[in-house]
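S.K.: Could you put together the complete structure from these sequences and hints?
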Amino acid sequence: MTVVTPEHGRPVLDSLGVVGGGAGLLKMAIKLTRGVAHLHALGVVHGNIRASNVLVDDLRVLKLVDMGFSLLYTGEDFTPRTSCLPWTAPELLPDHQHGIVVGPTAESDVYGLGMTILEMYTRQPPFFGFTDGRPLNFPVKLKRQPSLIGRLTRPGNMPRGVWYILQACWNMDPSQRPTAHQVLVWLEALM
1055 MTVVTPEHGR PVLDSLGVVG GGAGLLKMAI KLTRGVAHLH ALGVVHGNIR ASNVLVDDLR
1115 VLKLVDMGFS LLYTGEDFTP RTSCLPWTAP ELLPDHQHGI VVGPTAESDV YGLGMTILEM
1175 YTRQPPFFGF TDGRPLNFPV KLKRQPSLIG RLTRPGNMPR GVWYILQACW NMDPSQRPTA
1235 HQVLVWLEAL M
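1055 is the number of the first residue of the sequence shown in my numbering; add one for each residue after it.
These aren't lab readings, by the way, just hints derived from the structure by calculation.
Here the structure is a predicted model, which is why all the values come from computation and not from measurement.
Among the hints, erroneous ones may be present.
Taking CB as the label site, the calculated pair distances span [said to hold, decoys possible]:
1) L1113 with V1156: 34 to 42 Å
2) G1204 with L1113: 18 to 26 Å
3) D1112 with S1201: 42 to 50 Å
4) Q1221 with R1114: 41 to 49 Å
The calculated SDA-like cross-link candidates involving lysine to any residue, where the alpha carbons are at most 20 Å apart (straight line), are [unchecked claim]:
5) K1081 with G1210
6) K1085 with W1217
7) K1085 with A1160
8) K1081 with L1116
9) K1195 with R1214
10) K1081 with R1214
11) K1085 with L1113
12) K1085 with R1114
13) K1117 with I1084
14) K1085 with D1227
15) K1195 with P1228
16) K1081 with P1228
17) K1081 with D1112
18) K1081 with R1208
19) K1081 with R1114
20) K1081 with Q1236
21) K1195 with D1227
22) K1085 with D1120
23) K1081 with W1240
24) K1085 with A1243
25) K1195 with L1147
Virtual Cβ for every residue (Gly too), placed ideally from N, Cα, C.
M.R.: In structure tokens, the structure reads:
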């Protein structure tokens, strides 16, 4: 295990101006997806994928940091941090009415991966501008009303192929989401 600190890179959103246009963003998305697919191949779930947890070093190597969720989840008391809600798969949001708590999975990582790639293209958190500009409230509404995911729109700088892949990542049925490896294959096919 390696401890990665901010000295090991800068946040990916701060690095996007250096990577160039659409092809550079796609390459960064592929690198991120490759890392997530590698973790999943090892049986590791990250549980907190979002742009602020992706660092880029001077050689443009991406580093996925903050493995806190995967290390701390005990199976009984998982509750996502409020600040992470825009990237959190709806199935991970607590169901207080039925007392159901679901911990992070590879499928929820793929949802977060899709939201993170969207964030890389928009440079805004997912659902920014929804619900009075407070994106933290929207995921809770999304859990109650899954059709709201359709309010997300493709950024002008994002190729349609990437958009279709991200939509698959956000499928409200976790069993219908692609694996990180499938996402990687699809993204690489767009290069």
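S.K.: Run the structure past the numbered hints and jot down the numbers of the failing ones, going up.
M.R.: Failing hints, ascending: 2, 4, 9, 14 and 16.
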